[in-house]
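> So the protein sequences, as listed, match chains L and E.
One point on numbering: in full-length UniProt numbering, the residue at position 468 of the first sequence is 468, and numbering is uninterrupted.
One point on numbering: in full-length UniProt numbering, the residue at position 44 of the second sequence is 44, and numbering is uninterrupted.
Note that these hints are calculated values from the structure, not bench results.
There's no promise every hint is true.
[To be verified] With the C-beta cut set under 8 Å, the calculated list includes, among others, these residues of chain E facing chain L: (1) Phe15; (2) Gln70; (3) Cys97.
[What the hints assert, rightly or not] Take a look, some chain L residues computed to stay more than 12 Å from chain E by CB distance: (4) Gly72; (5) Lys150; (6) Ser162; (7) Pro231; (8) Leu240; (9) Ser330; (10) Glu352; (11) Leu453; (12) Ala540; (13) Arg549; (14) Arg556; (15) Glu572; (16) Thr573; (17) Val601; (18) Lys603; (19) Ser637.
Predicted model only: the values in this text are computed from it and were never measured.
Glycine included, every Cβ here is placed at the ideal spot set by N, Cα and C.
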Amino acid sequence: MTTFTAVENISRRNVLKLFGAVGGGLVLGSTSLAWSPMALAQDKQATMNLFVAIGEDDKVYLTCHRSEMGQGIRTGIPQVLADELEADWDKIVVVQGLGDKAYGDQNTDGSRSIRKQYHKMRQMGAMARTMLEQAAADKWKVPLTEVYAKQSRVYHKGSSKSLRFGELAVAASAINVPDVETLTFKPDSEFNFIGKPKTIVDMDDILAGTAMFGYDINVDGMVYASITRPPVLGSDVATLDDSAARKVAGVLDIIQLPVPKGAPLFQALGGVAVIASNTWSAMEGRKALKITWTKSVNDNHDTTQYLAELVERVKQPGKVMRQLGASVDSWPAESTINAVYTVPYLAHAMMEPPVATASVTTDGCEIWASTQTPQSTQKNVAAVLGLAEEKVKVNVTLLGGGFGRKSKPDFSVEAAMLSQKLNKPVKVSWTREDEIQNGYYHAISAQFYQAKLDNSNQPQAILARTGFPSISSTFAEGVDLPSAGELDLGFVDVPLALPQIQLEAVKATAHTRIGWMRSVCNIQHAFGIGSFVDELAVKANKPCLQMWREMLGEARKETLADQGFEYGNYGETLDDHPIDVGRYHNVLNIMEAKLAQQAPVQKNQGWGFAIHRSFTTYVAVATLVEVKDNNLKVLKSISAIDAGLVVNPDRLTSQTEGAIIFGLSLAMMGEISFKGGQVQQSNFHDYPLLRFPQSPEIEVIHIQSTANPAGVGEPGVPPVAPSLTNAIFAATGKRYRDLPLNKVLSV
Amino acid sequence: MTTTTQKLLVNGKDFTLDADPNMPVLWALRDILGFTGTKFGCGAGLCGACTIHVDGSPMRGCLTSLKQVQGKQVTTIEGLEAQKLKDAWLTHNVPQCGFCQAGQLMSAAALLKVTAKPTDAQIDDAMSGNICRCGTYPRIKSAIKSVTEA
Numbered sequence: 001m002t003t004f005t006a007v008e009n010i011s012r013r014n015v016l017k018l019f020g021a022v023g024g025g026l027v028l029g030s031t032s033l034a035w036s037p038m039a040l041a042q043d044k045q046a047t048m049n050l051f052v053a054i055g056e057d058d059k060v061y062l063t064c065h066r067s068e069m070g071q072g073i074r075t076g077i078p079q080v081l082a083d084e085l086e087a088d089w090d091k092i093v094v095v096q097g098l099g100d101k102a103y104g105d106q107n108t109d110g111s112r113s114i115r116k117q118y119h120k121m122r123q124m125g126a127m128a129r130t131m132l133e134q135a136a137a138d139k140w141k142v143p144l145t146e147v148y149a150k151q152s153r154v155y156h157k158g159s160s161k162s163l164r165f166g167e168l169a170v171a172a173s174a175i176n177v178p179d180v181e182t183l184t185f186k187p188d189s190e191f192n193f194i195g196k197p198k199t200i201v202d203m204d205d206i207l208a209g210t211a212m213f214g215y216d217i218n219v220d221g222m223v224y225a226s227i228t229r230p231p232v233l234g235s236d237v238a239t240l241d242d243s244a245a246r247k248v249a250g251v252l253d254i255i256q257l258p259v260p261k262g263a264p265l266f267q268a269l270g271g272v273a274v275i276a277s278n279t280w281s282a283m284e285g286r287k288a289l290k291i292t293w294t295k296s297v298n299d300n301h302d303t304t305q306y307l308a309e310l311v312e313r314v315k316q317p318g319k320v321m322r323q324l325g326a327s328v329d330s331w332p333a334e335s336t337i338n339a340v341y342t343v344p345y346l347a348h349a350m351m352e353p354p355v356a357t358a359s360v361t362t363d364g365c366e367i368w369a370s371t372q373t374p375q376s377t378q379k380n381v382a383a384v385l386g387l388a389e390e391k392v393k394v395n396v397t398l399l400g401g402g403f404g405r406k407s408k409p410d411f412s413v414e415a416a417m418l419s420q421k422l423n424k425p426v427k428v429s430w431t432r433e434d435e436i437q438n439g440y441y442h443a444i445s446a447q448f449y450q451a452k453l454d455n456s457n458q459p460q461a462i463l464a465r466t467g468f469p470s471i472s473s474t475f476a477e478g479v480d481l482p483s484a485g486e487l488d489l490g491f492v493d494v495p496l497a498l499p500q501i502q503l504e505a506v507k508a509t510a511h512t513r514i515g516w517m518r519s520v521c522n523i524q525h526a527f528g529i530g531s532f533v534d535e536l537a538v539k540a541n542k543p544c545l546q547m548w549r550e551m552l553g554e555a556r557k558e559t560l561a562d563q564g565f566e567y568g569n570y571g572e573t574l575d576d577h578p579i580d581v582g583r584y585h586n587v588l589n590i591m592e593a594k595l596a597q598q599a600p601v602q603k604n605q606g607w608g609f610a611i612h613r614s615f616t617t618y619v620a621v622a623t624l625v626e627v628k629d630n631n632l633k634v635l636k637s638i639s640a641i642d643a644g645l646v647v648n649p650d651r652l653t654s655q656t657e658g659a660i661i662f663g664l665s666l667a668m669m670g671e672i673s674f675k676g677g678q679v680q681q682s683n684f685h686d687y688p689l690l691r692f693p694q695s696p697e698i699e700v701i702h703i704q705s706t707a708n709p710a711g712v713g714e715p716g717v718p719p720v721a722p723s724l725t726n727a728i729f730a731a732t733g734k735r736y737r738d739l740p741l742n743k744v745l746s747v
Numbered sequence: 001m002t003t004t005t006q007k008l009l010v011n012g013k014d015f016t017l018d019a020d021p022n023m024p025v026l027w028a029l030r031d032i033l034g035f036t037g038t039k040f041g042c043g044a045g046l047c048g049a050c051t052i053h054v055d056g057s058p059m060r061g062c063l064t065s066l067k068q069v070q071g072k073q074v075t076t077i078e079g080l081e082a083q084k085l086k087d088a089w090l091t092h093n094v095p096q097c098g099f100c101q102a103g104q105l106m107s108a109a110a111l112l113k114v115t116a117k118p119t120d121a122q123i124d125d126a127m128s129g130n131i132c133r134c135g136t137y138p139r140i141k142s143a144i145k146s147v148t149e150a
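Isolated chain E (complex conformation):
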């Protein structure tokens, strides 16, 4: 494992960093580039707290290496353009502690991008990889549905 120069396109901006190409994007974002909105929850792709978009698709930042995203567009919560969804989160007072919510929003935004009017089952399926220990699932569901039914 050696450090080499890596390029990273995050939220539309180019970054150059010296890092191990095997380093998960999560840690490059958080510890090197200072995008701390993307959270660590498990390090094993089990909780979804680190969900980012790579070329628009949801990926787990803890399992996605820098070399896997070379030449691709990485979007984090800081660059997520989903105002309607965020407004719905606010209207439904979704967050409790808030720690998992970046990942929840990233997953929900990715769902709505491919499925404008998801069914309950599709929402359950798309959100099943994101754990919320505070238990905000019912409000997340209401928030997502309010956007699609608007």
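With the rest of the complex left out, here is chain L:
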């Protein structure tokens, strides 16, 4: 873990220089201070590579080095820091960290910000508090044990003496940084902020319309770009007639961008950029472009045909990835049940499309982007410009949603390339059509499940296969098998207590850019297993929840050892984040009790259930639907979530509410299809998202836990789709195994 090796005291002179108006104080930060203050027009303070800084005016500057996209991390990280620091919440100022390796990982995805940062942030807060306490002890000439910090003041136990943090800051900054081993931490019972609901720190700006998103950046001398990218991956501009586009009012220039060879990586897609004096003129200019495109190897990609072939492939033996017990030969048909489930390609459709502003000068490059990954932005921009990475400064704005799309920095690369060519700042704004048609898609998939049943229809063994184009194909040409990391996501790690389990992967070639989207492969895998367990429950004539209980078996920590694969566990050890069947049971029990309190279902109504562990968090979802005359109405969704220790319970609830709506959107309406290699959808009319009247009553049960903090942003999504289709089965007796549902039901 990156801890304090990179931390040092910063001299008062530096403090003064960096803080300007603040005047001086204690600053803890990394050694890398190569950045100048951030130039966001409306940013109130200079941004530095710091976790904790205190001004003489008592302001407490807390750096959030992770990206805010609605999950509340700009509030959560400061809550942890401020708690150990014993800061007064009203005095904190949240500083957004620039992209820099000194922070360690900054890629805000994988539901891991709090999971990975919780202990580190507590150490940073405790370290700063100790230095302030030491400064007070020195001043009063008393032992450190006689002083304590509380609410931005340090007090002397034996007298009425106290000093404000601001009065101690400069002296504290001259004190040697204490060793981590010497730090004392608050007991959980004394937490002021951790575990307490907090209003998000950006609330006022959002309500006033002054919150600064990537789309809102305006840099002096900036021009606006809108880019027509190749409609089929791998095609390039064959002919271009831009004469009409150049005549559009406001259009300043037309620049052709090269189409990269090889794997897509995070490269710019290429195409034709229209440069204008405003966004609208750039978009209008694009409409006047006349472009023909070269042929591509992906020209024949047709999802109807592709999915049909994938469905046939998962019915045939694949590569065995996990094996417990004897190898599966063939089971007599009369003692088996089997099913195939499919999920289409999906696009992220965050409300703010990708957007980045770049300014390339002789000194280097500065980027302002709504990015989940400032360091990858820095690296990829530096590479395309031929600059050293430290010459690329990446400012992270608020993100109008991310969901994984903004952890690909291709749009910042586009802005940098154009700024270099034009020698002025350029903002590249993607349209909705761009976002839908040139994405990094959640992979199209098929899953085959087969179980061997005993005489009482109880499953005795399971065989499953999954097939989808791998995210790895985005990074290495020719990859046509899912990676281990993708199979870890809800496929190989379901702790079924069966003596015989065989899990296989089948081949699938990529024809577009495949990327990760909120909860990633857990989407299709939870849909597969979540639907199949319900089918088994129906066959055995028992409730789905009870079938899960029986199939999970007794409470234990499942290691999955000696079954032919190494489980990644979201980058965590199984000691810190075990696959804890006891926690599954707890979630099951809580949901069972909740369901027992519900009113009896009416005609045409039904409840569905599913449970899934992902990102080391356990989530059960129960959904109540009504289906009348082929019209589906989702009436209620209940989600019970055990995410370990939670820093901001309100954001746990809000993220889980949002996850239900995200999951319903994809299950009911989400589909990206290809024909002739091109995406067929273009905007919210044909890639619809759940709207207000479709949104059910939602209840989130926050299961209190003292386990290590786990993921929150993503794990609410996977169980939603199977709980919905299971509910429809309960209401109608019809089993839907292919998403989305709007192909067969009115939603």
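Please arrange chain E on chain L, whose structure you already have, making use of the hints.
Below, chain E without anything else, positioned relative to chain L:
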């Protein structure tokens, strides 16, 4: 398409700008006048992120041209006077990413202006044009109802 002098009344202030009269108000507000609180989400009137008020009525800024608002009062989130509604948004911790919330507030404020005590169905109807990908609908509904029931 030629650029001509356009007048625009935004949040009670007069502005003069050189722009194509067909330019959507959204882009004049954002790129020329610097009112970036009004967001772009789809450019096709499908998501409501660009909702503004024109003479008090909710309109999609991406589909409303400058020439359509000549002589009319344009209100954006920056000029929205709806403190009770904003307070309710805060009390219910409505926003997640926040990007769509200006449009949500503009639609909700417009609803309450004409219907002081909307039913659930009226709220659903009035808000159905505003998409929130983060899924803040339940909290928006609670916030609106808390204002009307106060």
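> Hints first: check each against the structure and report whether it holds.
Here is how each hint holds up against the structure:
Because the smallest distance between the Cβ of phenylalanine 15/E and any Cβ of chain L comes to about 15 Å, over 8 Å, the interface hint for this residue is violated. At a threshold of 8 Å, the smallest CB-CB gap from glutamine 70/E to chain L is about 18 Å, leaving the interface hint violated. At a threshold of 8 Å, the smallest CB-CB gap from cysteine 97/E to chain L is about 3 Å, leaving the interface hint in force. Distance check for glycine 72/L against chain E: the nearest CB is about 8 Å away, which does not clear 12 Å, and the non-interface claim fails.
Consistency note on lysine 150/L: stated as away from chain E, and its beta-carbon is indeed over 12 Å from all of that chain's, at 27 Å minimum. With a least beta-carbon separation of about 33 Å from chain E, serine 162/L lies farther than 12 Å from that chain, consistent with its non-interface assignment. Residue placement check: proline 231/L keeps its beta carbon more than 12 Å from all beta carbons of chain E (closest about 18 Å). Once the 12 Å rule is applied to beta carbons, leucine 240/L is consistent with being away from chain E; the minimum gap is 21 Å.
Against chain E, the non-interface label of serine 330/L holds: every CB pair exceeds 12 Å, the least being about 45 Å. With a minimum CB-CB distance of about 5 Å to chain E, glutamate 352/L fails to clear the 12 Å threshold, and the non-interface call is violated. With a closest Cβ-Cβ approach of about 38 Å to chain E, leucine 453/L is found to remain outside the 12 Å limit, as its non-interface label requires. Taking the minimum C-beta to C-beta distance to chain E, about 34 Å, the non-interface status of alanine 540/L holds against the 12 Å cut.
In this structure arginine 549/L is separated from chain E by more than 12 Å, as the shortest Cβ-Cβ distance comes to about 29 Å. With a least beta-carbon separation of about 35 Å from chain E, arginine 556/L lies farther than 12 Å from that chain, consistent with its non-interface assignment. Every C-beta of chain E lies more than 12 Å from that of glutamate 572/L, the closest at about 25 Å, which supports listing it as non-interface. For threonine 573/L, the requirement that its beta carbon stay farther than 12 Å from each beta carbon of chain E is met, with the minimum near 31 Å.
A cut-off of 12 Å between C-beta atoms confirms that valine 601/L is not in contact with chain E; the least separation is 21 Å. Its beta-carbon lying about 22 Å from the closest one in chain E, lysine 603/L satisfies the requirement of being farther than 12 Å from that chain. With a least beta-carbon separation of about 10 Å from chain E, serine 637/L fails to lie farther than 12 Å from that chain, contradicting its non-interface assignment.
Of the numbered hints stated above, those contradicted by the structure are hints 1, 2, 4, 10, 19, listed in ascending order.
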